[in-house]
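Engineer: Listed below, chain by chain, are the residues.
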Amino acid sequence: MTVLKTSMRNFFAHKGRMALSAVAVILSVAFVCGTLVFSDTMNTTFDKLFAATSADVTVTSKSATDPGDRPDTGKPESMPASVVERAQKARGAESAEGAVSSESVTVVDAEKKNVGPSNGGPTIAGNWTHNDLRSMDITSGHAPRGPTDVMIDADTADKHHLEIGDELRTIAVTGDHTAKISGIATFKVTNPGAAIVYFDTPTAQRELLGATGRFTHVNVTAEKGVSDAALKRDVAGAMGADASAYQVKTQQETSDDNRESVSGFLDVMKYAMLGFAGIAFLVGIFLIINTFSMLVAQRTREIGLMRAIGSSRKQVNRSVLVEALLLGVIGSVLGVGAGVGLAVGLMQLMSGVGMELSTQDLTVKWTTPVVGMVLGIVVTVLAAYLPARRAAKVSPMAALRDAGTPADGKASALRAVIGLVLTGAGAFGLYTASQADKASDGSLLLGGGVVLTLIGFVVIGPVLASGVVRVISAVLLRWFGPVGRMAERNALRNPRRTGATGAALMIGLALVACLSVVGSSMVASATDELDKSVGADFIIQSDNGQAITPKAAKSLEQADHIAHITQYKDIKADLTAPNGKTAKEVGLSAADATYAEDLRTETVAGTLADAYKPDSMSVGEDFAKDHGLSVGDKVKLAFDHGRTGELTVRAITSSETAIDSGAMYVNITTAAKYVPADRMPPNVIMFAKAAKGQQDAAYKSLKTAMADYPQYKVMDQTDFKQTLKDQVGQMLNMVYGLLGLAIIVAILGVVNTLALSVVERTREIGLMRAIGLSRRQLRRMIRMESVVIALFGALLGLGLGMGWGATAQKLLALEGLKVLEIPWATIITVFIGSAFVGLFAALVPAFRAGRMNVLNAIATE
Amino acid sequence: MAARARQVVKAYGSGETRVVALDEIDVDIARGQFTAIMGPSGSGKSTLMHCLAGLDTVSSGQIYLDETEITGLKDKKLTQLRRDRIGFIFQAFNLLPTLNAIENITLPMDIAGRKPDRGWLDQVVETVGLAGRLKHRPTELSGGQQQRVAVARALAARPEIIFGDEPTGNLDSRAGAEVLGFLRKSVTELGQTIVMVTHDPVAASYADRVLYLADGRIVDEMYSPTAESVLDRMKDFDARGRTS
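Taken in sequence, the protein lines are chains A and B.
Numbered as in the working numbering, the first sequence ends at 861 without a single skipped number.
Numbered as in the working numbering, the second sequence ends at 1105 without a single skipped number.
Be careful, since some hints might not be right.
Computed from the model, here is a short list of chain B residues facing chain A with C-beta under 7 angstroms [to be verified]:
(1) L916
(2) D917
(3) T940
(4) R943
(5) R944
(6) F954
(7) L957
(8) P969
(9) D971
(10) I972
These are calculated hints, taken from the structure and not from any lab test.
The beta-carbon is built from N, C-alpha and C at its ideal position, and this holds for glycine as well.
With the sequences and hints as input, model every part of the structure.
Structural biologist: As structure tokens, this is what we get:
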């Protein structure tokens, strides 16, 4: 009981000193809980949406699977109207309604601006059915009645300031249709970010399916008292002879399938964010260890007294752990609360990029606070374990010794040996990884090397601290005379503390450095590859992943000043090698022969141009090896929805390329022999080469040809490189943002160390002030110490991270990441930024040291 | 006069809880003299020294260092004054653990950005007998050696006045005698002005003059004291204190 009491008293007596550790716990727990609440809320939103949009029973074509899985033909799979009649006749069916829905559309307004979501959400076009009334209300105007009417969802209308009477143009592979807005429909549930337009049934069929009297699915409503499952059975029975061509799903099954299609994305996001929360926790551990170590050191005399009057080691140990427990509990409780707030903030942030989520759907599962609490408490108590053990080792004699400053911790030789061994093993792992012949073999080594070098650096940090701090000080602090010298000595006096504080910063910055090296190497490699192998002057591609409609392709072909235009389609086939080995659903790149000039892929055997001869093809190096293929071999190809043919392998392409790695090329005319015209997909991308010397004119002409199609971008090589750079930059920025959390915790760690050091050095500071150190000099001394610690962490982190990045590049060189580019600008910015972080972290501790009362500091009892 | 106090009052708190530590004190510290301030605990002797040295502020009255009035000076000026014109020797914790002996000795000049006078520094180091230990950190020195470093630091900058707060309080009698011997020598031979707070009659006997404080007032003084005479006087006070 007394143990608990002293722990409580200690805890609350030093609540200020605990505050920063508590903030670290709060931040980490909040991030975990925020992520969980946010992703649960997204799930709830999608669940509600899909439950509202799915009919009791839905009939779809069997081959209509997830559009992401197969080449986008631009035309949804459809079924004849007779299916509706059959479903209608099923027992238990109150009504059945044919529906049309397509996501292969782009909707533009009168100013030729895409009104579809820019964040990857779908644009959906369909016919207005009774089923839609379950999830939407027409809030103004009326439903579409004829070919000139279109209805749009209210969110999209608001976002683009669309009103009734405005013109909307819907572009699909099968049609290009302009209509006036006749009505606006509002969702009854939250629409997370799809743009939806509705037509009357004949218009939807004609424009979206390119056929009359066909539907993409049938919505069947159950009679009262008939369960969905029973209805499903009956509808399936009513399909009759060709029942195997259709899929019949209950409302639950439809929602589940829809959920499946988004859950991949949601899960990736969730786990990525949890990963970053994990890093923040890791960094927080350093902060907590440091806090308790310093508190124990400052309390040595007190602990000695407790031991002298009869406390056991166990009791001392436990008293420290109880304090940690209190910290963990308080931090976690606040963290869980902050997490819910964070989730709401994230939702607001998402609405900024067009993903609407409603706080009404805010979902806090009971597991969320439990996970947050357990994690926060366990991590805190574990982190405090080492300092607690050290406290238990304090001898009763400590009570009798002079107070003074706590003994300065020296880095032990054992530590140096362990650190060196770990770092050495890690470095060896990294080296082996960089020499691996197969990326898959090396990745495990790379992972192991990263973890080992990180741990090694953490262990050896205190040993390195003395050397590195001296070097940094020699360069930086000698300009600051005795103040600089004292700052250096202070940073050096407890290497373990400096090491741990710097290590916390090291972790975040190592990741930043590593990713920036990989990112810029990616851009540099791709740019290099583009320069070397891309012969095309222009690339035409949509910005929302949609195919180029035949009409748009035609206008491109009519552009002036062009030497050639290359079509490029993705098709699928089952391939059988001469040795009998079969590969299912292999992706083939069907292109014009000019593609061999547009992308000069290197071959390891044969000539690339030969692959475009009739009934010829090329395969990738790895595929050829796996299937025992060599030039001249004949392979059997069963084309998707087409016939089977025999093609000759004329070229084997090298796998060491970043663009089109492993692609199999076949001429479009060859593909057309086996794939029926209505099954031939539209181009996913097109290439153009300008007539000699008419680059600019060609660029202008192509742009003019695409003026009517805002979703397609005409890029010359410069544009393309820039786009690539932007994409990589955007991704890196997002990752940096998330790593920011870990870095904030590390900065808190620096503040914490300094603040506690100032308290610990009260008497020293008083002495210096007494003999004439001015407040400004004192503050500068503390700032310098902080800068040195921050730069120490930055140096270690950046060095480590660049090593990781370079290894990753060497490893990925096998996958086309051939050029190593160290982004010096970023690295140096981060390094200088760390110095400012140090200055910033020292603000409050320096201010408090400056305000310290000289007399109290030097007073002898 | 090296330092003067005029009608100095130092009081803590207000109203009923008001405690007067210094009660309208007038003191003159003569240049080139070794002055000891004595008195029982709570007599205000440390407070007087802190005020004279510009470490503490007064409630009213004036304090002059040479002809400079230091009461009312801002912290920045006071700091400079302590740095350039005053030396300190405390009872304990005189040295920065991160600096070695010579760095500690030159610290006030380093802070000021002044170059120490090499010849003088050598002489001081020689006098306090520290040659050969200059590269040692404080933890590698004995208590007596540490105090000698502190004395050397106080002397090295050639301050107008040195204040000592029980400088030998933590030392055994031999080490204490050594330190006091140096202080005495610096006054006699170098003309240094020293003010020292102590409760040890032996320490006080090294001084030229002893001031006795009680209840925030100067109650007596004695020139050319010996340990016996100081002790006698103190017994005297004690006896009076008991009867009153």
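Engineer: Identify whether the interface hint at B/D971 stands, where standing means a beta carbon of chain A within less than 7 angstroms of its own.
Structural biologist: With a closest approach of 4 angstroms, the B/D971 hint holds.
Engineer: Could you check if B/R944 really has its C-beta closer than 7 angstroms to a C-beta on chain A?
Structural biologist: Holds: closest Cβ of chain A sits about 2 angstroms from B/R944, inside 7 angstroms.
Engineer: Is the shortest C-beta separation between B/L957 and chain A less than 7 angstroms?
Structural biologist: Since chain A brings a Cβ to about 6 angstroms from B/L957, closer than 7 angstroms, the hint holds.
Engineer: So, as I understand it, the hint says B/P969 touches chain A; can you test that by seeing if any CB pair is closer than 7 angstroms?
Structural biologist: 5 angstroms, holds
Engineer: Verify the interface restraint on B/F954: the C-beta must sit less than 7 angstroms from at least one C-beta of chain A.
Structural biologist: 5 angstroms, holds
Engineer: Does B/R943 hold up as a contact with chain A if the rule is Cβ-Cβ below 7 angstroms?
Structural biologist: For B/R943, the interface hint holds, since the closest Cβ of chain A sits about 5 angstroms away, which is under 7 angstroms.
Engineer: Taking the closest Cβ pair, is B/I972 under 7 angstroms from chain A?
Structural biologist: 5 angstroms, holds
Engineer: Is the interface hint for B/D917 satisfied, with its Cβ closer than 7 angstroms to some Cβ of chain A?
Structural biologist: 6 angstroms, holds
Engineer: Can the hint on B/T940 be confirmed by a CB-to-CB distance to chain A that is less than 7 angstroms?
Structural biologist: Holds, because the Cβ-Cβ distance from B/T940 to chain A comes to roughly 5 angstroms (cut-off 7 angstroms).
Engineer: Verify the interface restraint on B/L916: the C-beta must sit less than 7 angstroms from at least one C-beta of chain A.
Structural biologist: 6 angstroms, holds
Consistency with the previously given hints is maintained throughout, with no hint failing.
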